[in-house]
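One-letter residues, chain by chain:
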Amino acid sequence: MAEIEIRNIGKFFGPVEVLKDVSMTIADGEFVVMLGESGCGKTTTLRAIAGLESVTSGKILIDGEEVQDKKASERDIAFVFQSFSLYPHMTVYENIAFPLRAVRMNASDRQAAVKEVAEILRIEPLLNRKPSALSGGDMQRVAIGRALVRRPKALLMDEPIGALDATLREQMRAEIKRLHISRGSTSVYVTHDQIEAMSLADRIVIMNDGILQQIGAPEEVYLRPANLFVAQFVGSPVMNVTDVALEGGDGGASVMIGGDKQGFHFPGQVVGHLNGAPLSLGIRPEAVLLSHDAAHGAIEVETTNVEPLGSHDIVDVRVGETVLRSRTEAGFVSGEGQKVWVGLDPLQAHFFDRDSGQALRGAN
Amino acid sequence: MTHSEPRAGQSAARGLNDKSIRNLFIFPTIAFLIIFNIFPLLFSLYTSFTDFRASTNAPANWVGLENYSYLLTNEFIWRNFTITAKYVLISVTGQVVVGFGLAMLLNRYMPFKGLITTLLLLPMMLSMAVVGLFWKLLYDPNFGIINHSLGLGKFEWLANPDMALWAVAITDIWMWSPFVMLLSLAGLSAVPKHLYEAAEIDRAGTFYTFFRITLPLVAPILMIAIIFRTMEAFKTFDLAYILSSQPTTELIAIRLYKMAFLEWQTGLSSAFAYIVLVMVVGITMIYVKYLNKVKER
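Which chain is which? The protein sequence lines are A and B, in order.
Under this note's numbering, the final residue of the first sequence carries the number 1108; numbering is consecutive throughout.
Under this note's numbering, the final residue of the second sequence carries the number 1239; numbering is consecutive throughout.
Since the hints were derived computationally from the structure, they do not count as laboratory data.
Some hints here could point you the wrong way.
[Claimed, not checked] Capping the alpha-carbon separation at 30 Å, the derived lysine-lysine pairs in DSS-like fashion look like this: (1) B:K1135 x A:K859; (2) B:K1055 x A:K815; (3) B:K1135 x A:K764; (4) B:K1237 x A:K859; (5) B:K1231 x B:K1135.
Bound-form chain A, shown alone (with noise of 0.2 Å):
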């Protein structure tokens, strides 16, 4: 097992500029997972550390030493396709000792090594088969025993399982967890789900346009975004942003939503750093609080929108110009056009600088 470090590292795909500057540690051990739109780098971020793609500027380095001039095959790294990429004139057997016998280990020590994969992942009756004969979730478990028999330096998973059926996924998704702490590889992994993301992390790099916007802990990037990207990018629903105007001084101030007139009070804390400049507010639909009566410091509003999910409904409700979308317990409210009072929970409320969409964080 290692360690990864990945310094400026940029790749131009012909004028195509796909990685910005991209720099980030990977501990030893540590599973990080990279997330981001298709076409954000994050796939060709994983490929150049695998070496399957040079990179045009900075450098990457495995245990410390420089490794971004050599061959993929001299990096000692395994790689878990979306595709899966099994070979498929050969047995499931086959295919899982492939590494093995091309570094020609002695047969005995590699019947043992496959069998202990196999065994792991839970595929030992499939080994006589063909490829073509297995489900895809089957492929998926031989793809990550052939990566995992030879023991690699890391394990990098590009989409693993973005090709399989939602109820596969979820157990998949549980699958890779265990497995990570069963053997604890330091593992490096794409997706652009950010449930996959969320649940499998140690900490999660959120990349954007080849640039890298945040690294952190699921629960950081989630209540802490750096950006108005990540903000929006990371939580289901989506966080609702909106232009604010803010009025008040040390002792609090009041937050006027879309053009409305009566605004939210934001006590002084929460707003005290804040220097005038033009502000977008983010407020996740939970942090958007709905109440049958008049709250203190509530705004009455009507329902635009109603959307159960079972276990909660999402609400919309109109404040001024704008619509907030707000989380509430499944039937609070039975549709649209009801009042209903709407109400800001303070702490749970980001600030961005509307122009560049950086993140406006006091002391705390």
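Fit chain B to the known structure of chain A by using the hints.
Okay, now just chain B, sitting in the frame of chain A:
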């Protein structure tokens, strides 16, 4: 749809119905097949059991299996078979090695790849007779460019009994390697690129990747190329006939031609043709069986 006796003008106006299309296209085809394929096939099968000579008016006498036993025990005929086998082996092996090698070279990014591929295919498009005639000039011991560029002096190719077969095979390799190349190229480009990436990650070396990934995956289509080339090489006539008149280049097709049209032993040569047919079918079946096995993998 049924018409009661459609008149000519009427049917032309309405276009052809299914039945008349069938009559128009299928029956002439069947007639041609019977006249030009099936009848000669059966007639030659019959003549192969007779002493029929097409050059005389004498009636054919039934001789039973005499023609076959004569041919299969005649050592000169066996020499023709041996020569042919040697020729097929040299020629097909050469074409596979050269053709597959070229395909490997072309199966990567290079400038003017399309143009290069097209140019490499040119020999295949030429007439056998033309190829034979100008290779005869290339091989010429006095002014041929082959001896000149290889610095071989006055080396005899076609007049040399030991080299003549090789010379014919080399010409065939030059002409037909592009065919193997074309099919191999199709096979190679069908191997998914990510398998090579997986092999690279799995630390497989170049040779290991070639023998364990590339070759098994290209094998089915390469097999088809080999089947075609073997059948063609087996019945090679024109190239060898034009290039050389050495006894060491007397392939079965040439022997058969001489037997049938110079010696007019029609019955005997029919039997000979049937023996060759059975052999080609036999060899092809072995290949097809192997092809199916390869495909299963």
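Could you work out which of the previously given hints the structure breaks and list their numbers from low to high? none
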